[in-house]
Amino acid sequence: MIINKTADGNKMTIALEGRLDTSTAPELQELVAGLEGVTDLTFDLEKLMYISSAGLRVLMIAKKGIKEVSIININEDIKEIFDITGFSTIFNIQ
Amino acid sequence: MKKIRSNMAVNIISGIVVVFIVVICISGYVGYQSFTQVLSDQYAETAYRTADTALGVIDGSKLDEYLATGGKGEEYETSRANMEELCNRQNAMFIYVIRPDADYSHITFVYNTVNRNSGFDAYKVGYVKDTTNDEYKEIYRRIYEEGLERATVVRDKGFIESGSHITELVPVKDGEKVTGILCVQRQMEALTSARQKYVNDVALALLGPILAVIVLYGVYLHRRLIKPVKTITREAERFARENSDPPQTLSSQITHQDEIGVLARSIDRMTAETLKYMENLTEATAVREKIATQLEVATAIQQNSLPQKFPAFPDRKEFDVYASMTPALEVGGDFYNFFLIDDNHLAMVIADVSDKGIGAALFMMVSNILIHNRALMGGKPSEVLEFVNNQLCAHNETSMFVTVWLGIMEISTGEIIASNAGHEYPIIKQGDGKFELYNDGKHGVMLGIMEGMKFTDYTFKLEKGGALYLYTDGVAEAEDTDHNQFGIDRTIEVLNKQPDATPKEIVNNIKNAIHDFVKDAPQFDDTTMLCVKRTGDLP
Chain V
1 MIINKTADGN
11 KMTIALEGRL
21 DTSTAPELQE
31 LVAGLEGVTD
41 LTFDLEKLMY
51 ISSAGLRVLM
61 IAKKGIKEVS
71 IININEDIKE
81 IFDITGFSTI
91 FNIQ
Chain E
95 MKKIRSNMAV
105 NIISGIVVVF
115 IVVICISGYV
125 GYQSFTQVLS
135 DQYAETAYRT
145 ADTALGVIDG
155 SKLDEYLATG
165 GKGEEYETSR
175 ANMEELCNRQ
185 NAMFIYVIRP
195 DADYSHITFV
205 YNTVNRNSGF
215 DAYKVGYVKD
225 TTNDEYKEIY
235 RRIYEEGLER
245 ATVVRDKGFI
255 ESGSHITELV
265 PVKDGEKVTG
275 ILCVQRQMEA
285 LTSARQKYVN
295 DVALALLGPI
305 LAVIVLYGVY
315 LHRRLIKPVK
325 TITREAERFA
335 RENSDPPQTL
345 SSQITHQDEI
355 GVLARSIDRM
365 TAETLKYMEN
375 LTEATAVREK
385 IATQLEVATA
395 IQQNSLPQKF
405 PAFPDRKEFD
415 VYASMTPALE
425 VGGDFYNFFL
435 IDDNHLAMVI
445 ADVSDKGIGA
455 ALFMMVSNIL
465 IHNRALMGGK
475 PSEVLEFVNN
485 QLCAHNETSM
495 FVTVWLGIME
505 ISTGEIIASN
515 AGHEYPIIKQ
525 GDGKFELYND
535 GKHGVMLGIM
545 EGMKFTDYTF
555 KLEKGGALYL
565 YTDGVAEAED
575 TDHNQFGIDR
585 TIEVLNKQPD
595 ATPKEIVNNI
605 KNAIHDFVKD
615 APQFDDTTML
625 CVKRTGDLP
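Heads up: the sequence lines are chains V and E, in that order. Under this note's numbering, read the first sequence as residues 1 to 94, first letter to last. Under this note's numbering, read the second sequence as residues 95 to 633, first letter to last.
Calculated from the structure, these hints are not laboratory results. The reader is advised that the hints may include incorrect statements.
Here are the simulated DSSO-like cross-link-like pairs (lysine-lysine), alpha carbons at most 27 Å apart as the crow flies [as the list claims (entries may be wrong)]: (1) K79(V) with K536(E); (2) K64(V) with K548(E); (3) K223(E) with K291(E); (4) K271(E) with K403(E); (5) K411(E) with K555(E); (6) K271(E) with K324(E); (7) K64(V) with K271(E); (8) K370(E) with K324(E); (9) K411(E) with K528(E); (10) K370(E) with K474(E); (11) K223(E) with K63(V); (12) K558(E) with K528(E); (13) K271(E) with K218(E); (14) K558(E) with K403(E); (15) K324(E) with K291(E); (16) K450(E) with K79(V); (17) K450(E) with K528(E); (18) K591(E) with K67(V); (19) K11(V) with K47(V); (20) K63(V) with K555(E); (21) K384(E) with K370(E); (22) K79(V) with K11(V); (23) K450(E) with K384(E); (24) K231(E) with K47(V); (25) K591(E) with K474(E); (26) K166(E) with K63(V); (27) K555(E) with K591(E); (28) K384(E) with K64(V); (29) K79(V) with K67(V); (30) K591(E) with K528(E); (31) K218(E) with K450(E); (32) K79(V) with K370(E); (33) K223(E) with K271(E); (34) K67(V) with K166(E); (35) K79(V) with K64(V); (36) K450(E) with K403(E).
Beyond 10 Å from chain E on every Cβ pair, some chain V residues (computed) [unchecked claim]: (37) E36; (38) D83; (39) T85.
From the three backbone atoms N, C-alpha and C, an ideal C-beta is built for every residue, glycine too.
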């Protein structure tokens, strides 16, 4: 999986590419846990192909720690997973 | 092993013997050469002096005349007698004067005197003979054409008619003109015999020390190499057999500081380390066995927490239910459950904890009990899920969560009220129709993530003959060795091969289909299914 982050003051965008599953989630978790001073976090999921429950858990951890978390460019497959898991109801999806 | 050891000693000693033989040969050859050189020089010098003296008794200008007359006359006779006298006195073999022909291939004798002890007869004056060999021929030429004043020929190798000898050749002159060649031949028996003796003496003198060195070295080798190696081998074999501390360490038996000593100490250390390792391994194995036993107990407890007796409700003819859970590890995070809330209401649960292993299993136990107990207290599925979610969130430090589908069926009507917290869509067959994926709308989020979440209920009706198939993602995401997934479409396809089968047959059909699909690929996710079929109305 490829993680691209771009920061702008206290705003940050993390673009995810590939598969966010049990083997790649810890990398993202480490990154999210180390974000200090970020109050507005956006996940760009345009190129995310798959997300497992371990991946959803990391998104959840991010949401608990950061004031504003939003999702952009969500694709059909990931949207379906978000719908099934109910993540659509708790995340701000644009 | 014995053969290898013996060979090692033999090889080393053979090597030494070869080295000694080479040394003897080289020193013998060098000695032989210098011995020959010194003696030959001495012989040559003596022969040259004889030749020089002999030149004094002949008149170089008269050679033609002597040949013409065939050596008649008093002058020739006197000179010949003097030469013979000189030959005997100086202990030369032959003294002779020759004249080679134009191409030096024949020689004509002018004088020929023979030592009286030789047993040879002298050639007559004018006797013509082939030149003995090319070496003589070349010397003759150089004496005549290049003014060579002295030449020496040594013949001591191979077969020689007159024995090993040395010949000195000097020109006979008339003024500056060479008129013949005077040759003095001396035998070299003394040289060859002395030389032979020298070689024999050297060989004999070296043989003793060589034998002594070989024997001493053999003994030394045995003590310093063969015996310690045998000791080490015995200990290594004993250790391999007994796996115990040695009765006596190798380093106490082999105290040398050489490589063998180092080897002995290394093996001692290896023995000690191996024993220590074996001890640790035994302990670790014991610990592992204990954990395995505890895991078995955990597996049993978890399995027993789910209803496993089928048929589950043998006296209820209105519905039939069957379920199975196959964990990927010893204990799983998936679970199913079904139970009667009252005579007319059946609760059905299928759930999937986000993790695997012991932690997930404990979380699953808690979730299952909370859902079960809260559902028994009455209320809609959404209320049950809301309650359970808050309970789980209150004490959830591990950020685990669980997807839950909970439905309550009114048995008399087939009316089902359900709520979905992040779980897969159910698959439903209506009446005589086919199994189809049932999109149950907007799901609530999984339980354990966030406190205070609201869940929504929805209702649908199961007609007589209708069935509800619930599953976890282990079914659709079962993978073969090429990472192809079993998939939801294939699941529905398999269900529809026998849409009217009993719940038990339906669950087993899917199980077998997955088994055939993944073949030998290891599965990393739990696989759980629950199937309920409405077989009739209340009697």
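These are the hints, each one checked on the structure:
A hinted pair counts as satisfied when its Cα atoms are at most 27 Å apart, and K79(V) with K536(E) qualifies at roughly 12 Å. Note on K64(V) and K548(E): the hinted pairing holds, with a Cα-Cα distance of about 18 Å set against a maximum of 27 Å. As the CA atoms of K223(E) and K291(E) are separated by approximately 36 Å, the hinted pair breaks the 27 Å bound. For the suggested pair K271(E) and K403(E), the alpha carbons sit about 142 Å apart, so the restraint of at most 27 Å is broken.
A hinted pair counts as satisfied when its Cα atoms are at most 27 Å apart, and K411(E) with K555(E) qualifies at roughly 18 Å. For the hint pairing K271(E) with K324(E), the CA-to-CA distance comes to about 85 Å; that exceeds 27 Å, so the pair is violated. This hinted pair does not check out: K64(V) and K271(E) have alpha carbons roughly 131 Å apart, beyond 27 Å. For the hint pairing K370(E) with K324(E), the CA-to-CA distance comes to about 25 Å; that is within 27 Å, so the pair holds.
Straight-line distance between C-alpha atoms of K411(E) and K528(E) comes to about 22 Å, which keeps the hinted pair within the 27 Å bound. This hinted pair does not check out: K370(E) and K474(E) have alpha carbons roughly 63 Å apart, beyond 27 Å. Straight-line distance between C-alpha atoms of K223(E) and K63(V) comes to about 128 Å, which puts the hinted pair past the 27 Å bound. This hinted pair checks out: K558(E) and K528(E) have alpha carbons roughly 14 Å apart, not beyond 27 Å.
The hinted pair formed by K271(E) and K218(E) meets the criterion: a straight-line CA distance of about 25 Å does not exceed 27 Å. Restraint check for K558(E) and K403(E): the C-alpha separation of about 24 Å stays at or below 27 Å, so the hint holds. For a cut-off of 27 Å, the pair hint linking K324(E) to K291(E) is broken: about 47 Å separates their Cα positions. Of the pairs offered as hints, the one joining K450(E) and K79(V) holds, with about 25 Å between alpha carbons and a cut-off of 27 Å not exceeded.
A distance of roughly 34 Å separates the Cα atoms of K450(E) and K528(E); the hinted pair therefore is violated under the 27 Å criterion. Restraint check: the Cα-Cα separation between K591(E) and K67(V) comes to about 51 Å, which exceeds 27 Å; the hinted pair is violated. Of the pairs offered as hints, the one joining K11(V) and K47(V) holds, with about 21 Å between alpha carbons and a cut-off of 27 Å not exceeded. Pair hint K63(V) plus K555(E) does not hold up; C-alpha atoms about 38 Å apart against a cutoff of 27 Å.
A distance of roughly 21 Å separates the Cα atoms of K384(E) and K370(E); the hinted pair therefore holds under the 27 Å criterion. With a CA separation close to 24 Å, the supplied pair K79(V) and K11(V) stays within the 27 Å bound. Distance restraint check for K450(E) and K384(E): the Cα-Cα separation of roughly 21 Å lies within the 27 Å cut-off, and the hinted pair is therefore satisfied. Taking the CA atoms of K231(E) and K47(V), the gap is about 105 Å. The hint is violated against a cut of 27 Å.
As the CA atoms of K591(E) and K474(E) are separated by approximately 35 Å, the hinted pair breaks the 27 Å bound. Distance hint between K166(E) and K63(V) is unfulfilled; the C-alpha atoms sit about 146 Å from each other, more than 27 Å. Restraint check: the Cα-Cα separation between K555(E) and K591(E) comes to about 23 Å, which is no more than 27 Å; the hinted pair holds. Note on K384(E) and K64(V): the hinted pairing is violated, with a Cα-Cα distance of about 39 Å set against a maximum of 27 Å.
A hinted pair counts as satisfied when its Cα atoms are at most 27 Å apart, and K79(V) with K67(V) qualifies at roughly 22 Å. With a C-alpha separation of about 9 Å, the suggested pairing of K591(E) with K528(E) holds against the 27 Å cut-off. Straight-line distance between C-alpha atoms of K218(E) and K450(E) comes to about 127 Å, which puts the hinted pair past the 27 Å bound. Restraint check: the Cα-Cα separation between K79(V) and K370(E) comes to about 57 Å, which exceeds 27 Å; the hinted pair is violated.
Straight-line distance between C-alpha atoms of K223(E) and K271(E) comes to about 23 Å, which keeps the hinted pair within the 27 Å bound. Proximity of K67(V) to K166(E) is assessed by CA-CA distance (about 149 Å); at most 27 Å being required, the pair is judged violated. Distance check on the hinted pair: K79(V) and K64(V) sit about 21 Å apart at the alpha-carbon level, within 27 Å; holds. With a C-alpha separation of about 25 Å, the suggested pairing of K450(E) with K403(E) holds against the 27 Å cut-off.
Distance check for E36(V) against chain E: the nearest CB is about 20 Å away, which clears 10 Å, and the non-interface claim stands. Listed as outside the interface, D83(V) is inconsistent with that label: its C-beta sits roughly 7 Å from the nearest C-beta of chain E, within the 10 Å cut-off. Taking the minimum C-beta to C-beta distance to chain E, about 4 Å, the non-interface status of T85(V) is violated against the 10 Å cut.
Of the numbered hints given earlier, the model fails hints 3, 4, 6, 7, 10, 11, 15, 17, 18, 20, 24, 25, 26, 28, 31, 32, 34, 38 and 39; all others are met.
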